[in-house]
Amino acid sequence: ELYRTLGFDFVSAEQYVVAGVPPNDFEVAFGQYTPAATSLALAACECEQPEIRQHAGVEYYAWGDGSGSISRRFNMPFYDDVGRGARLLIRDGEAYYSTKDGIVPELIDVMQGNASSLADVEDYVAAVRWMSALGTFGEMMLRDSHFSIDDVVKIGGFTSSVMTSPDGSVTFTDYTEEAFRRAAEKGPLLKPFSFVLSGSGFDGRKMFTGLVLAHADEASALANQARLVDRIRVGATIAAVVNGEYTDRPWSELISRVELVVEGRFLIARLYAVELGETFIQGLAGNMILTIHE
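If you count the sequence shown from 1, you need to add 6 to reach the working numbering.
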């Protein structure tokens, strides 16, 4: 209902992209969008009218000063869940959104060929093509840093929980840095690679997680073909200390089948989960523990 005052709604989006790191992230949607429809909807809306900004001859909308406020939470027509106003650019078939000043002008510069983008990096383009060829769909996640054990351990979310069973027994579970490191150190480390792209797919019968790793040379990609298999065979994830005892979940219990191929400098993989619900393998923590390099 929020977006109808902007001339579109949720079903207008046919494709959707999220990129960047908050608060410098942005969203792009492709679908049923037109500048005329948004302009007419805003003119008819009894709500806060936007500031009309311009960059390189292109106009876009802006609400608020970029800061959040609970008093503005979900205010019409386009404040988010923490009360930040939108910066919104509408083109035929396209919508660009951010809550951060400067993002939309950067996107305009890219559209006009005055700034570079990920699409100008040949390895990124090649990786996306390989990932699409696997049969993936929906979200793809690209990561180009934090591949060492120390990096991964620092990012881990360390929590504790207490559970009482019907029989009165109590289970204390601590997801600690030490447990996280112990799981990460199981299995051989991969040889260095520049980035990993992950996504989910369907081969016509089963869901799988797709991975594409980019290397400096083909020799490294070939070496990691064997190392990734070994890491899945003896490595582990979901590590914790339960009632004082270390426990983890071996990758071999989560992944039933691995398909690997090397194409030049790229290692391309399909990982099939034992249980459909465990296609979480592409998730941040799991993927990071699996793809650690020297």
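None of these hints come from the bench; they were simulated from the model. All values derive from a computational prediction rather than experimental measurement. Glycine is no exception: its CB is placed at the ideal position from the N, C-alpha and C atoms. Please note: incorrect hints may appear among the correct ones.
[What the hints assert, rightly or not] Pair ranges (Cβ atoms, derived):
#, residue 1, residue 2, range
1, 139, 262, 19 to 29 angstroms
2, 228, 127, 16 to 26 angstroms
3, 80, 212, 21 to 31 angstroms
4, 263, 175, 15 to 25 angstroms
5, 210, 270, 49 to 59 angstroms
Report task. Determine whether the Cβ-Cβ distance between residue 263 and residue 175 falls within the hinted range of 15 to 25 angstroms. Result -> violated, 37 angstroms
Query raised in the report: Okay, residue 228 versus residue 127 on CB: inside 16 to 26 angstroms?
Result: For residue 127 against residue 228, whose Cβ atoms are near 23 angstroms apart, the range 16 to 26 angstroms holds.
Query raised in the report: residue 210 and residue 270, beta-carbon distance inside 49 to 59 angstroms?
Result: violated, 27 angstroms
Query - CB-CB spacing for residue 262 and residue 139 relative to the 19 to 29 angstroms hint - result: Given about 22 angstroms between the Cβ atoms, the range holds.
Query raised in the report: Quick one: are residue 80 and residue 212 within 21 to 31 angstroms, going by C-beta?
Result: Violated - the Cβ-Cβ distance for residue 80 and residue 212, about 40 angstroms, lies outside 21 to 31 angstroms.
In summary, the structure is inconsistent with hints 3, 4, 5 from the numbered list given earlier, while agreeing with the others.
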